[in-house]
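Residue numbers (the working numbering), protein chains in the order written: chain A, 1 to 205; chain B, 1001 to 1281.
Keep in mind that a hint or two might mislead.
[Said to hold, decoys possible] These stretches of chain A come out as covered by chain B in the derived footprint (C-beta under 8 Å, 3 or more residues): (1) 80-94; (2) 97-106; (3) 123-132; (4) 163-172; (5) 190-199.
[Said to hold, decoys possible] Calculated pairs, DSSO-like style, for lysine-lysine (alpha carbon to alpha carbon, straight line, at most 27 Å): (6) A:K175 / B:K1109; (7) B:K1122 / A:K155; (8) B:K1047 / A:K15; (9) A:K3 / B:K1047; (10) A:K155 / B:K1046.
[What the hints assert, rightly or not] Some chain A residues near chain B, calculated using beta-carbon distances under 7 Å: (11) V146; (12) G147; (13) G148; (14) A149; (15) G150; (16) A151; (17) L152; (18) S154; (19) Y202; (20) A203; (21) Q204; (22) I205.
Bear in mind the hints are in silico, worked out from the structure with no lab data behind them. Where a beta carbon is used, it is the ideal one built from N, C-alpha and C, also for glycine.
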Amino acid sequence: MDKHISTPITAEITKGLHAGDYVYISGTIYVARDAAHKRLAEMLDEVETALTQEERETLKRGEPVKKITDALPFPLENAAIYYMGPSPARAGRPIGSAGPTTASRMDRYAPRLLDLGQKAMIGKGKRTQEVVDAMIRNHAVYFAAVGGAGALLSKCITHSELVCYGDLGAEAVLKLQVEEFPVIVVIDSEGNNLYETAIQEYAQI
Amino acid sequence: MIRTVSTEEITKHIREMCIEANHYLSPDMDQALKHAQDTEQSVLGKKILNQLQENLAIAGQEMIPICQDTGMAVIFAEIGQEVHLEGGFLEDAINEGVRQGYADGFLRKSVVSDPILRENTKDNTPAVIHYSIVKGDKVKLTLAPKGFGSENMSRVFMLKPADGIEGVKEAILTAVKDAGPNACPPMVIGVGIGGTFEKCALLAKYALTRPVDEPSSIPYVKELEQEMLQKVNRLGIGPGGLGGTTTALAVNINTYPTHIAGLPVAVNICCHVNRHVVRTI
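Chain B with its partners taken away, still in its complex shape:
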């Protein structure tokens, strides 16, 4: 059965999601930050985690964005193949939602129209949109505004098959060590393993939208996530990069089949303001 969804409705949801994501963290992130307050060993680190809690409270109560870098809007649009979209062009509808959300929510406009000419578009569009056609008759929208302090510290490694899982571990540790204080730790680390050059980057980005308390369903990947979280937290970087035992809140890893000759690995680092809002229409 074909189900009709209006693109106007999509605009309305994206607008609300932009505002929600920038003022409230999801319950899993909230929980992870509170847990870190209990376990952090450094006195200064604890003080910073307390400030982050205070910051979240102010953000929600007074509607001041959690972070001034309200990000470039990254949107995963998963569209059921039985959905018929009615109204204007989908991409325009999504960008209109971003435009309205960033204006009405007093969010920062951080997008420039060209990477070299660098003129601000003044409405935070265009968004970065990843479409996929899925089974069913629903539209699932995931909005993840991405700040660039941490985005700039993200990496792609084209490893050799012989590098194996040890190579993957080394790549993750290298990216986190290089990021250090720049990525606003405690961070969330999204990792993509496999696919092609661009597929692994997309896997890593999508991994960041998975709740931090939800491990991978693949047993060895789940183990790798836990091991890497421990290893990363032994680096000593700590909250704010000022030393401590909480460098990351979670390592989320997604995998995909790859070529006999390759082992692509992407590490997409996100700060503690790991924003994601999901809605299904």
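Only chain A is shown next, with the shape it has when bound in the complex:
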């Protein structure tokens, strides 16, 4: 089913999305891939070691902790993170080629970010059960964008700006404005997985 959604991606929105839905996203999405996730995790480790007992308990309950919210380079609450590293922009374009990268490399970091409020991941490829469990726990969704369609997806991006980690080059964190950015719900907030069901439908051996 074709659906059109706007960011922020709230639990209200994700509850209405089902594996197999073709979704067009408009609004703000953030870009982060391997090296940026590693830095985010290291930063969170550092902040968390400095938390008081009370703050630790708040975090355990899944409630926001100011020290963490303040330290994050962008708000994670209801955010969509696009696993992507673009090619450089030519003059007059906001961004270069901009297709998804393999999401499984972010599996180690994703549950923690989902627990901090992130609601959508955009990438391609399989995820671990730990990620799916965190998605169900937090009403989050996993979208796939078409891998290798970087020129087409680039045309749906109207603005791009650096958020942080500029020294990482193609792996820096970016804030994008997108219009009707095409994705497919692969794993929904109930854990239904299109990769598993669709392949079974066409498998002949």
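Assemble the complex: chain A is given as a structure, and chain B must be docked to it using the hints.
Same frame as chain A, but now just chain B:
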């Protein structure tokens, strides 16, 4: 007769080849993708194949790379033994071509200087270069920028001679099944059978540079290529891994003599952006 080729000329060609490979697919790949649009059974799969066509059109018209992963530059340099190279050191000349191509073509710089320390070299060098000395007085350059979504799903299997051809088939299917959606299907599958541990990997990589409409010249290998393409397409993975009948566009297999005790098999998976440009100087 000794023929002189300047390494400066090689730099110029490599620069152009990097830009060309990342914006235009070769005619054989283009044809294979169009054919898949006609035969794909899944509605969603067809929609994705249509998007890939649209993507290729935008890439060529607006000079936006087909895929943002413009790859690590893999280069096969086949140098005729009657060629005299003049100018700077060949390896420096090739890397300079990559440096210029990736800068001038607005291509992504995806290479880190050390696998553990991971600092980006910011110019996509060094390239991975495979040299061979061949007959004649020409220099043949094959450039194949390799993206890592599919490279990461590639495998080497050290089979036993008793595993035979059935073992080879099983190895290919295992690699493709494990790769699934991660390798950006529809994929092209390069297979190397024989040689040693490293030789079979190189055979597989080189097999990816063979046009997808050009079967092996060895009769049983040609049959194996056709059979495996059918089998892979029955796995149901489909375009984007979202189900369908087009999981691969081609299976290209290269073989080499091997040891009495071994049957090495390498499966090098490439996504649908199977880029290769060949030039002979």
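Verification of the hints:
Only when three residues or more bring their CB closer than 8 Å to a CB of chain B does the claim for the region 80-94 of chain A stand; here the count is 8, and the claim holds. Requiring three or more residues with a Cβ within less than 8 Å of a Cβ of chain B, the coverage given for the region 97-106 of chain A holds, as 6 such residues are present. With a cut-off of 8 Å between beta carbons, the region 123-132 of chain A has 3 residues touching chain B; three or more are needed, and the interface restraint holds. Counting residues of the region 163-172 of chain A whose beta carbon lies closer than 8 Å to any beta carbon of chain B gives 4, which meets the minimum of three for the stated coverage.
Three residues within the 8 Å Cβ limit are the bar, and the region 190-199 of chain A against chain B gives 5, so the coverage statement holds. Between A:K175 and B:K1109 the alpha-carbon distance is near 20 Å, which keeps this suggested pair within the 27 Å criterion. With a C-alpha separation of about 25 Å, the suggested pairing of B:K1122 with A:K155 holds against the 27 Å cut-off. For the suggested pair B:K1047 and A:K15, the alpha carbons sit about 25 Å apart, so the restraint of at most 27 Å is met.
Between A:K3 and B:K1047 the CA atoms are separated by roughly 16 Å; this keeps the pair inside 27 Å, and the hint holds. The straight-line distance between the Cα atoms of A:K155 and B:K1046 is roughly 21 Å, inside the 27 Å bound, and the hint therefore holds. At its closest, the beta carbon of A:V146 sits 5 Å from a beta carbon of chain B; the interface hint therefore holds under the 7 Å criterion. For A:G147, the suggested interface contact is upheld, since its CB lies about 4 Å from the closest CB of chain B, less than 7 Å.
Interface hint at A:G148: satisfied, since its Cβ lies 5 Å from the closest Cβ of chain B, which is below the 7 Å cut-off. Using the Cβ-Cβ criterion of 7 Å, the hint placing A:A149 at the interface with chain B is satisfied: the shortest such distance is roughly 4 Å. For the restraint placing A:G150 at the interface with chain B, the shortest Cβ-Cβ distance is roughly 4 Å, inside the 7 Å limit, so the hint holds. A distance limit of 7 Å between C-beta atoms decides the matter here; for A:A151 the minimum to chain B is near 4 Å, and the interface restraint holds.
Interface hint at A:L152: satisfied, since its Cβ lies 4 Å from the closest Cβ of chain B, which is below the 7 Å cut-off. At about 5 Å, the closest approach between the beta carbon of A:S154 and any beta carbon in chain B falls short of 7 Å, and the interface hint on this residue holds. The criterion of a C-beta within 7 Å of any C-beta in chain B is met by A:Y202, whose closest approach is roughly 3 Å, and the hint holds. For A:A203, the interface hint holds, the least distance from its beta-carbon to any beta-carbon of chain B being 3 Å, beneath 7 Å.
Satisfaction of the interface hint for A:Q204 is found here, the shortest Cβ-Cβ separation to chain B being roughly 4 Å, below the 7 Å cut-off. This hint holds: A:I205 has a C-beta 5 Å from the nearest C-beta of chain B, less than the 7 Å allowed.
Of the numbered hints listed earlier, not one is contradicted by the structure.
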